[in-house]
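Working from the sequences, and respecting the hints, build out all of it.
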Amino acid sequence: MQDIIKFLEDINHEMPDHQSITIERQAYKVDGEHGIKNACNLSNLKSVDYFENHLKRGLLYLEFSDLIKQDEQIKEKVAQIRESNLPKKLNAEIRKHYYKVIHKELVDKFKDSLQITTKMVNFLENIPECFLKNGDYVIIIPPIDFNDKSKAEDIVRFLDILKSNIRSSLNNQFFN
74 MQDIIKFLED INHEMPDHQS ITIERQAYKV DGEHGIKNAC NLSNLKSVDY
124 FENHLKRGLL YLEFSDLIKQ DEQIKEKVAQ IRESNLPKKL NAEIRKHYYK
174 VIHKELVDKF KDSLQITTKM VNFLENIPEC FLKNGDYVII IPPIDFNDKS
224 KAEDIVRFLD ILKSNIRSSL NNQFFN
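Using the working numbering, the first residue of the sequence shown is number 74, and each one after it goes up by one.
Hint data in this document are derived by calculation from the structure and do not stem from the laboratory.
What you were told as hints is all true, and nothing was included just to trick you.
What follows is a list of derived Cβ distance ranges for each label pair: (1) Glu-87 <-> Ala-152: 23 to 29 Å; (2) Gly-105 <-> Lys-162: 40 to 46 Å; (3) Gly-105 <-> Val-194: 17 to 23 Å; (4) Ile-217 <-> Val-174: 17 to 23 Å; (5) Val-194 <-> Asn-220: 44 to 50 Å; (6) Asn-195 <-> Tyr-172: 34 to 40 Å; (7) Ser-241 <-> Met-88: 24 to 30 Å; (8) Asp-233 <-> Leu-205: 28 to 34 Å.
The calculated lysine-lysine pairs, modelled on DSS-like cross-linking and capped at a C-alpha distance of 30 Å, are: (9) Lys-192 <-> Lys-79; (10) Lys-236 <-> Lys-192; (11) Lys-173 <-> Lys-148; (12) Lys-173 <-> Lys-184; (13) Lys-119 <-> Lys-150; (14) Lys-236 <-> Lys-222; (15) Lys-142 <-> Lys-236.
Because the structure is a prediction, the values reported are computed rather than measured.
The beta-carbon is built from N, C-alpha and C at its ideal position, and this holds for glycine as well.
Shown next, in the form of C-alpha cells:
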C-alpha cells in the first residue's frame with residue numbers, strides 16, 4: 074500500500090495559452106504516469122486531473138479543460154463544413170456531434186473518477202475522510218474575454234448548455 078500523500082502536488086492547470094495564471098493550492102494528481110489512477114492499476118479509465126481535499130467544501134473533482142478553445146475549433150470545423158455545400162440538416166448534425174463528444178468526455182471523466190475514488194482504498198492508505206463522501210465536480214476553464222460581447226455571450230451560452238447537459242447525465246446522488 075502506498076501513502077496517498079505521494080500524489081499530493083501543486084496544481085498545474087496544463088493550459089499552455091495561460092501560463093501566467095497560477096493556482097496556489099495543492100491536490101492529489103489523478104491522471105498521468107505518476108497519478109493515483111496508474112498506481113491503482115486503473116489506467117484504462119478516464120479521470121479528472123486532481124482530487125482536492127478542500128478545507129470548506131470537502132472532496133473536489135477538479136478537471137481543467139480549455140472548453141473555449143474546443144468551442145472555437147468546433148466553430149472552425151462547422152464553417153469549413155458550411156463551405157462544402159452539405160445540406161443544412163447535415164451541418165446541424167455534425168455540429169451537434171462535436172458538442173456531444175465534449176459532453177460525453179466530461180461525463181465519462183467524472184463517472185470513472187468516482188470509480189477510482191471507491192477502488193483506491195485497496196491500493197492507498199491515509200485517504201482523507203472526505204473522499205468517502207459525495208464531492209463537487211468542478212470544471213475549470215480559462216478566463217473569458219468579455220471585451221467582445223457577442224463572442225462572450227456565445228461562450229457563456231455554450232457553457233450553460235454544457236453544464237445543464239452534464240448535470241442531467243449524472244446521477245446527483247454521487248455529486249453536488
